[in-house]
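Protein chains in written order, with our numbering: chain C, 2 to 479; chain D, 11 to 239.
Because the hints were derived from the structure by calculation, they are not lab data.
Just so you know, even glycine gets a beta-carbon here, dropped at the ideal spot from N, CA and C.
Hints are supplied without guarantee of correctness; some may be wrong.
[As the list claims (entries may be wrong)] Chain C residues, not near chain D, derived (Cβ > 12 Å throughout):
#1 GLU67
#2 ALA149
#3 MET377
#4 ASP409
#5 GLU444
#6 PRO459
[To be verified] Interface residues of chain C toward chain D, partial, derived using beta-carbon atoms under 8 Å:
#7 LEU32
#8 LEU175
#9 VAL245
#10 ASN405
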Amino acid sequence: MKPTAGGQYRPLTEEAVRKIHDSALCLLSELGVEVHSRAAFETFQEHGAACDPSKQLVKIPRSMVEDAVSSAPPEVVLCGREDKHDLYCGGTNVYLGTGGTVLNVIDLETNLKRPTLLQDVRDIARLCDALENIHFMVLPVYPNDLPADEVDINRFHSSVMNCSKHLMGGVYTLKGTQQVIRMAEEIAGSPAALRKRPFVSFITCVVSPLKIDALYGDILCHVARAGLPVAIPAEPLTGATAPVTIAGLLTGLHAETLSGVVLAQLVNPGTPVFYACVGTSTDLKTMGYLSGSVEMGLINAGAAAMAQHLGLPNYTTAGMSDSKIVDAQNGYEKAITSTLVALAGSNFIHDAAGLVEFATCASYKQYVIDDEIIGMVMRAARGIEVTDETIAIEAYRRAGHGGNFLADPHTVRWMRKEHYLPKLSDRQLRVNWEKSGRPCVEEKARAAARRILREHKPLGLPEWLNDRLIGMLPELRW
Amino acid sequence: MSERIISPVPENTPNLAKQMDVLQRLCEELQQGNFDLMADLTREALRQGIEPGRILNEALVAGMDIVGDKFRRDEIFLPEVLISAKAMQASMDVLRPSLVGAGVRMAGKIVLGTVKGDIHDIGKNLVGMLREGAGYEVINLGTDVSAEKFVQSVKANQPNLVGLSALLTTTMLGMKDIIHSFVEAGVRDKIKVVVGGAPVTEDFARNVEADGYAPDAARAVEKVRELIG
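Input sequences plus hints: build the corresponding full structure.
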């Protein structure tokens, strides 16, 4: 797949970017980061950061940040198990996909909210494998029917079995992280083969404001040592865990995600890392988390601009909604945030498919609807191609004055590639729409999801390989 | 557009196979909309002594039927149908004298026009092209056509069917007067009248005592087949 470059929308001026960057470096060197992971703290200490063990405080000097930024690769290729799904994350290339992890799903048949099970991990993976505009899968749901220490490995295994796109996931235990890496090495053929074509990657996090947690700090060190791609997002919320202003939030975010980037580069220089943002706004009437505000689009577009300034690949968030159902709010919140962040040229925009209700609930039909939104967003990001061929003077000559371009070869040659062809939108005349039973997007999406789950055959794993994995990892449910 | 060149049929090919080959290729190039190849292929078919009626029905009309089916199944778009219709016209320009000479009758004759006061013609032309594609002879009177002009054309050409088109809600009302003029001129029972255009509905068609209505160009062809065979 040829990458699509966005970047037409510049949410920050050069001067603004520099000001935020300098202010964030002040935060890191003066206020510092509280580091609760012993492995992380010791790493900072060994490399000469000013550390205060009594307060678990690490002050990161400017030079340490600059060294980390230059040792981190400017492009990270996140591979699919088939190379048509490879993602060239860097510059202003744009990809969008799913996000998680949520505990509930809107059932496809009953339309009711219920807890997610391992079968939902499988079914949603298969759905995402089939939906062509969803570029990658961040593991979306939590299997409530498994004991906690079996969740990590089973989530990844069930996803690999059903989806050959790149899989990125949050992990909850160190043991789970180790198991997932081992399984992925086995599937890739060898540890080296996995590093060459990483089809899995990880998400860890920095807590806002300015704190590295014990477990996530340990996981970050482990993944960095393993040399696999890792996104290190912070999730600052305006007025709650960050200043209420967007510039204030971006400054904290910049410091927080860079503290993770520095840690990863200190552990293993050259580790493929993502500058990452899950920041959004807070409803200060209720202190509630918001996922579909227009400001969340601005925040994540701003984060992409900050990462581009440093030449780091970025992971951001967009395409979510606070609505509980398929309605106008759902559509406009998803469309506007995805459009803003994609046009800003963000590389890996997650949470953009399948989620409703403040991104706390998945929905089968929503994946199909969001696939359509992403298709349109990608068309916008692709922009307007201007060449002699697209200007089409010859077609004007053939049409003549007052003629038309309907039966012109140029029309036939370009109509499909120039225009996004929606699968769900209704474009019929009213009379035909009424005759066909007044179809609506929601019902069309449900029907499409049902059809995919009934018919779609994913790549899966060869039986011998799967048997070997089951022998190796007794926790696998299958 | 592909840049294919027509390769000559090998000399030793048996005659029947040669004929099938050229009919097949006409049918395929028509479906691909390769209108620039159609005239030469049609001449080649005639040179091989294939009856003009067979060229029309087995290659051209058969090809347009396939195109029409694909269009109804949403597999192709309108411009692809039109470009095939254009290919058919390119072939017909070569074929027409031979059809006349051989006494081959077209499926029927149709007079088309946009009604007085209205100069919109893309939709009507589209209907015309598709009906030609279905094997009908189409006489296109253009736009802003008065009732008198419609009546004159019916008397002179003796069509089986007249199609009235309008895009404006105001000019659409003139359809009633035109149909009334056919009654006054004593030709109403010799023709079927179909009406179409964006504002026209089935109810309106019944109201003005037309014989038929179709909501889009593809169904306009079906309607004609239903009314005059």
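Status of each hint after checking the structure:
no.: 1; hint: GLU67; verdict: 54 Å, holds
no.: 2; hint: ALA149; verdict: 49 Å, holds
no.: 3; hint: MET377; verdict: 19 Å, holds
no.: 4; hint: ASP409; verdict: 7 Å, violated
no.: 5; hint: GLU444; verdict: 18 Å, holds
no.: 6; hint: PRO459; verdict: 26 Å, holds
no.: 7; hint: LEU32; verdict: 60 Å, violated
no.: 8; hint: LEU175; verdict: 52 Å, violated
no.: 9; hint: VAL245; verdict: 50 Å, violated
no.: 10; hint: ASN405; verdict: 5 Å, holds
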